[in-house]
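Number of protein chains: 2
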Amino acid sequence: MNAVSHTQLTPLSFLERTARVWPDKPGVIYGNRSLSYGEVAARATRVAHALRASGVQTGDRVAYLMPNLPEMLVAHFAVPLAQAVLVAVNTRLSAEEIAYILDHSGAKVLVTDAAFLPTVAAAVQDVTTVTEVIVFEDTEAGGSVDPAAAAAIGSRLVSYADFTARGSDEQLNWSVEDELTPISINYTSGTTGRPKGVVYTHRGAYLNSFGEIVHSSHHQDSVYLWTLPMFHCNGWCTPWAVTGIGGTHVCLREVRGEAIWQQIREHRVTHLNGAPTVVTTILNAAQAGPLDHPLVITTAGAPPSPTTILQMERMGFGIVHVYGLTETYGPYSVAQAQPHWSALRSDERAVVQARQGVGMIQTEGLRVVDEDMVDVPADGSSMGEIVMRGNNVMAGYYRDPEGTAKAFAGGWFHSGDLGVMHPDGYVELRDRAKDVVISGGENISTIEVEQALMSHEAVLEVAVVGVPDEKWGERPKAFVVLKAGKQATEAELIEHVRTKIARYKAPRNIDLVAELPKTSTGKIQKFALREPEWAGRTHRVHG
Amino acid sequence: MNAVSHTQLTPLSFLERTARVWPDKPGVIYGNRSLSYGEVAARATRVAHALRASGVQTGDRVAYLMPNLPEMLVAHFAVPLAQAVLVAVNTRLSAEEIAYILDHSGAKVLVTDAAFLPTVAAAVQDVTTVTEVIVFEDTEAGGSVDPAAAAAIGSRLVSYADFTARGSDEQLNWSVEDELTPISINYTSGTTGRPKGVVYTHRGAYLNSFGEIVHSSHHQDSVYLWTLPMFHCNGWCTPWAVTGIGGTHVCLREVRGEAIWQQIREHRVTHLNGAPTVVTTILNAAQAGPLDHPLVITTAGAPPSPTTILQMERMGFGIVHVYGLTETYGPYSVAQAQPHWSALRSDERAVVQARQGVGMIQTEGLRVVDEDMVDVPADGSSMGEIVMRGNNVMAGYYRDPEGTAKAFAGGWFHSGDLGVMHPDGYVELRDRAKDVVISGGENISTIEVEQALMSHEAVLEVAVVGVPDEKWGERPKAFVVLKAGKQATEAELIEHVRTKIARYKAPRNIDLVAELPKTSTGKIQKFALREPEWAGRTHRVHG
Chain A
1 MNAVSHTQLT
11 PLSFLERTAR
21 VWPDKPGVIY
31 GNRSLSYGEV
41 AARATRVAHA
51 LRASGVQTGD
61 RVAYLMPNLP
71 EMLVAHFAVP
81 LAQAVLVAVN
91 TRLSAEEIAY
101 ILDHSGAKVL
111 VTDAAFLPTV
121 AAAVQDVTTV
131 TEVIVFEDTE
141 AGGSVDPAAA
151 AAIGSRLVSY
161 ADFTARGSDE
171 QLNWSVEDEL
181 TPISINYTSG
191 TTGRPKGVVY
201 THRGAYLNSF
211 GEIVHSSHHQ
221 DSVYLWTLPM
231 FHCNGWCTPW
241 AVTGIGGTHV
251 CLREVRGEAI
261 WQQIREHRVT
271 HLNGAPTVVT
281 TILNAAQAGP
291 LDHPLVITTA
301 GAPPSPTTIL
311 QMERMGFGIV
321 HVYGLTETYG
331 PYSVAQAQPH
341 WSALRSDERA
351 VVQARQGVGM
361 IQTEGLRVVD
371 EDMVDVPADG
381 SSMGEIVMRG
391 NNVMAGYYRD
401 PEGTAKAFAG
411 GWFHSGDLGV
421 MHPDGYVELR
431 DRAKDVVISG
441 GENISTIEVE
451 QALMSHEAVL
461 EVAVVGVPDE
471 KWGERPKAFV
481 VLKAGKQATE
491 AELIEHVRTK
501 IARYKAPRNI
511 DLVAELPKTS
521 TGKIQKFALR
531 EPEWAGRTHR
541 VHG
Chain B
1 MNAVSHTQLT
11 PLSFLERTAR
21 VWPDKPGVIY
31 GNRSLSYGEV
41 AARATRVAHA
51 LRASGVQTGD
61 RVAYLMPNLP
71 EMLVAHFAVP
81 LAQAVLVAVN
91 TRLSAEEIAY
101 ILDHSGAKVL
111 VTDAAFLPTV
121 AAAVQDVTTV
131 TEVIVFEDTE
141 AGGSVDPAAA
151 AAIGSRLVSY
161 ADFTARGSDE
171 QLNWSVEDEL
181 TPISINYTSG
191 TTGRPKGVVY
201 THRGAYLNSF
211 GEIVHSSHHQ
221 DSVYLWTLPM
231 FHCNGWCTPW
241 AVTGIGGTHV
251 CLREVRGEAI
261 WQQIREHRVT
271 HLNGAPTVVT
281 TILNAAQAGP
291 LDHPLVITTA
301 GAPPSPTTIL
311 QMERMGFGIV
321 HVYGLTETYG
331 PYSVAQAQPH
341 WSALRSDERA
351 VVQARQGVGM
361 IQTEGLRVVD
371 EDMVDVPADG
381 SSMGEIVMRG
391 NNVMAGYYRD
401 PEGTAKAFAG
411 GWFHSGDLGV
421 MHPDGYVELR
431 DRAKDVVISG
441 GENISTIEVE
451 QALMSHEAVL
461 EVAVVGVPDE
471 KWGERPKAFV
481 VLKAGKQATE
491 AELIEHVRTK
501 IARYKAPRNI
511 DLVAELPKTS
521 TGKIQKFALR
531 EPEWAGRTHR
541 VHG
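Sequences listed follow chains A and B, in order.
Okay, so the first sequence: first residue is 1 according to UniProt numbering, each after it adds one.
Okay, so the second sequence: first residue is 1 according to UniProt numbering, each after it adds one.
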């Protein structure tokens with residue numbers, strides 16, 4: 001009965017439509033630069049042609065090592081428009097790590113920003129698959145090419161201007177033959193072992209974009225500020241989602257409080273995404289102040305403490321708390337508001353908002369299961385592993401059938417995160433599996449301890465890890481950054497925790513530190529805190 | 001690399017999720033009745049089991065002849081949950097027309113409201129495929145079964161209570177094996193020939209629901225008033241869309257101004273859909289008054305006149321003007337707002353808002369083509385046929401491969417509607433192909449003449465058709481309903497039109513009438529006006 005085949009789902013259709021409907025509307029703003037959607041589409045077309053001219057063929061990988069610049073946004077359309085696969089690489093990685101990703105993905109072309117050229121020169125030295133390194137000079141940031149690095153790269157180096165000059169303005173099809181074709185590979189910054197290449201499909205990216213639009217309440221007048229790196233889970237599919245809805249992207253090279261507040265006020269930013277540490281940066285910037293227009297922050301990466309949620313609300317931010325992993329295109333679940341929440345005291349509401357919640361509209365929902373894949377009781381206390389499935393879970397790990405099979409054991413993707421299922425069906429993350437503290441046989445959620453510490457008015461940031469204990473095997477230890485001008489002693493903080501949660505969960509020690517080690521996406525690197533504590537021991541209680 | 005198969009798209013997942021996330025939230029309100037989403041899901045499950053118990057098997061058709069009751073909403077989930085196909089029948093059809101649809105669709109079960117039982121008794125008399133007629137008594141409306149009709153139906157008649165008692169509460173899978181499986185068949189109320197069965201798929205219904213959510217700006221606090229019949233294009237997929245977003249449905253048995261205003265005020269309705277005639281009913285009701293909360297009306301079916309758009313805006317309604325056909329799951333395009341529109345004078349803005357616009361976010365976009373499928377110039381004056389394609393176009397006509405092939409000639413669905421493409425890419429409907437008036441070789445758009453008449457302050461409603469003319473072949477004739485208490489003569493109205501558009505387009509005659517003939521969805525039945533004018537003639541100029 002099917003008269004014509006249905007259209008294959010692809011986020012390419014979003015830019016095609018938006019450029020047609022709003023050709024003159026600002027698509028992306030960066031410093032003094034601004035590109036209309038017509039120009040974004042024209043550049044995507046030109047870059048796609050240029051990639052083809054560089055020998056990129058259907059299914060080939062194209063790597064980008066670039067901050068949140070307009071060119072990085074363009075890449076999210078240009079690479080799939082060339083029928084190729086985008087590998088957006090974390091800009092904080094070392095040359096060795098970048099080399100591994102380039103080699104593993106077999107990227108043919110690497111597009112980078114001049115600032116990273118010395119690292120790139122070292123990275124590509126032994127990577128033969130990369131036939132060209134395209135370098136972009138960010139005039140807004142005064143970026144220029146380092147001559148020594150250029151010399152080291154040699155004839156493979158091509159300027160972005162020369163590269164795009166090889167392109168053409170001839171229209172290409174904003175479509176894909178099969179929606180299950182990979183659109184991108186995102187390498188996870190695992191704390192142990194080699195990074196894994198998480199494969200996203202056109203279909204998954206398209207459907208996840210709708211989820212972002214629905215749950216972050218995007219609309220055609222959205223002004224979205226890029227604080228989340230686009231290289232992180234393809235910015236949770238937001239390059240595609242905001243383009244699809246016809247909003248405006250505002251790029252930011254570096255996530256600093258002053259610059260964020262300037263952009264918020266100058267462009268009347270309506271939406272931004274970021275880890276709680278980004279939120280902390282915003283809240284504690286010298287320029288912070290009450291908002292005079294609505295701004296929704298969609299936050300994930302770690303559960304925001306109820307204290308942070310309260311602070312945000314007082315300043316006028318709307319908060320959407322989501323949870324997911326690289327393997328789930330970024331956000332998979334949301335702490336979806338319930339009608340009765342508005343009647344809760346603000347601190348009670350913050351507690352429920354900090355839950356990981358329920359699967360987003362485009363998902364199949366979350367399960368919390370035991371080792372036999374049986375759902376744990378929905379009692380808010382039985383811990384199990386969070387598993388997911390469906391259109392918003394990766395197609396698999398690139399060139400890693402074993403890893404893929406293991407991750408999907410039992411037909412569901414294993415997050416490695418431990419959580420509980422509340423009686424209302426909302427999931428609460430209790431710990432990343434590797435971060436849980438097992439003390440005298442009891443699991444202690446480091447998140448619970450962290451949230452107890454965050455509720456102290458002098459605390460800015462905190463991380464809790466398990467450290468060796470002769471009697472209990474492990475005990476929690478906390479690392480705390482105090483707010484500027486605030487004071488608190490170790491004993492005072494431990495006592496504060498004991499008023500909030502069971503005494504056995506309180507940390508034995510607290511180190512007051514100036515800052516915490518973080519990944520480029522703002523996640524606290526607990527392994528960096530944990531390792532020195534375990535130095536010299538041959539056994540850890542757990543992974 | 002695909003570790004697990006992706007999830008098949010189906011609107012069933014919307015109710016599964018919403019009932020899980022908001023089990024206690026009002027899902028549907030009707031008079032004094034209210035069902036939570038948990039109850040809606042429970043009823044859908046029970047009805048699905050009951051259908052199976054009645055012998056309905058996978059792929060079988062189940063017909064519903066019912067007004068906008070909660071049971072009709074439940075049907076949109078229960079029938080696909082039983083892996084069957086919903087045939088929602090227009091309640092204004094004659095027994096003979098209903099019999100044709102039951103026979104053509106091969107429906108095994110017919111579920112109806114007691115009010116239609118006499119018609120149903122006549123309809124099913126010779127239709128042997130229908131093994132059971134389930135009758136629902138709407139206690140809110142005092143509906144009861146007519147004994148004579150019941151006797152005529154005989155042993156095939158089963159009460160809705162007995163029917164659901166056969167069901168069970170055992171959980172069923174809210175999924176489908178193949179997203180391209182038909183979910184419903186909607187028979188078009190063609191003005192000539194037999195109605196055609198338009199097949200919708202699970203995938204199309206799912207994706208179109210996202211389009212409705214995006215373009216009508218639905219959110220989890222939406223309160224949606226059912227003025228659009230659910231039997232019309234499955235209510236533009238709104239049973240699925242509003243359920244998916246977690247809003248509340250408000251049912252209404254009959255579309256009367258008083259009842260609409262009562263519901264708007266009692267339930268603080270945020271959204272409703274309807275043809276311009278529904279809008280006219282709302283605007284001109286005795287109870288009409290300025291709104292004290294935001295309410296978006298999504299309107300289609302015929303282009304609203306700029307005059308109507310202005311009136312709506314003054315009363316505080318937000319307006320979304322969409323365009324589509326039964327074959328496109330209802331709306332396919334939208335008069336998407338442009339940033340510069342807000343600077344336009346309100347009458348100028350109304351003119352652009354009355355355009356059919358651009359394809360919605362989930363579509364491939366509209367084309368306006370000549371007979372050789374070549375796009376007409378985008379000059380706002382070259383007329384051509386509007387064609388569409390993609391996920392939001394039907395799978396085909398049921399049991400009509402020839403009709404399907406003809407409708408999809410050249411790979412695009414032919415709307416039969418004539419329009420122009422403006423230089424900005426917005427389509428403007430000039431006429432339903434069959435309604436255009438050809439006078440002295442010139443095409444006259446009846447819509448243009450109607451809008452000129454609507455701009456007269458005494459005019460409530462208008463319809464223009466072509467009538468025979470010795471000299472010109474055809475000339476436009478208008479039928480006008482005046483507003484209560486307003487006066488205008490034929491000559492005065494004709495003169496008014498001449499000040500607005502080319503003189504040759506002005507109607508030769510105007511009949512002032514008490515009301516216009518309409519379909520159940522509020523579309524004016526032009527053929528009923530046209531036929532008497534052509535009586536006794538063997539030839540029509542066209543159509």
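Calculated directly from the structure, the hints in this document are not laboratory data.
Please note that the accuracy of each hint is not assured.
Any copy, or any two copies together, can satisfy a pair, since identical chains are not distinguished.
The calculated DMTMM-like cross-link candidates involving lysine to aspartate or glutamate, where the alpha carbons are at most 25 Å apart (straight line), are [what the hints assert, rightly or not]:
(1) 108 - 457
(2) 526 - 402
(3) 500 - 221
(4) 471 - 178
(5) 25 - 348
(6) 500 - 469
(7) 518 - 170
(8) 471 - 169
(9) 25 - 364
(10) 471 - 448
(11) 25 - 347
(12) 486 - 313
(13) 526 - 469
(14) 25 - 379
(15) 108 - 132
(16) 526 - 424
(17) 25 - 424
(18) 523 - 258
This one's a predicted model, so the numbers in the text were calculated from it and none came from an experiment.
### Query
Which of the listed hints are broken here?
Going through the list in order, the structure violates hints 1, 2, 3, 4, 7, 8 and 16 and respects the others.
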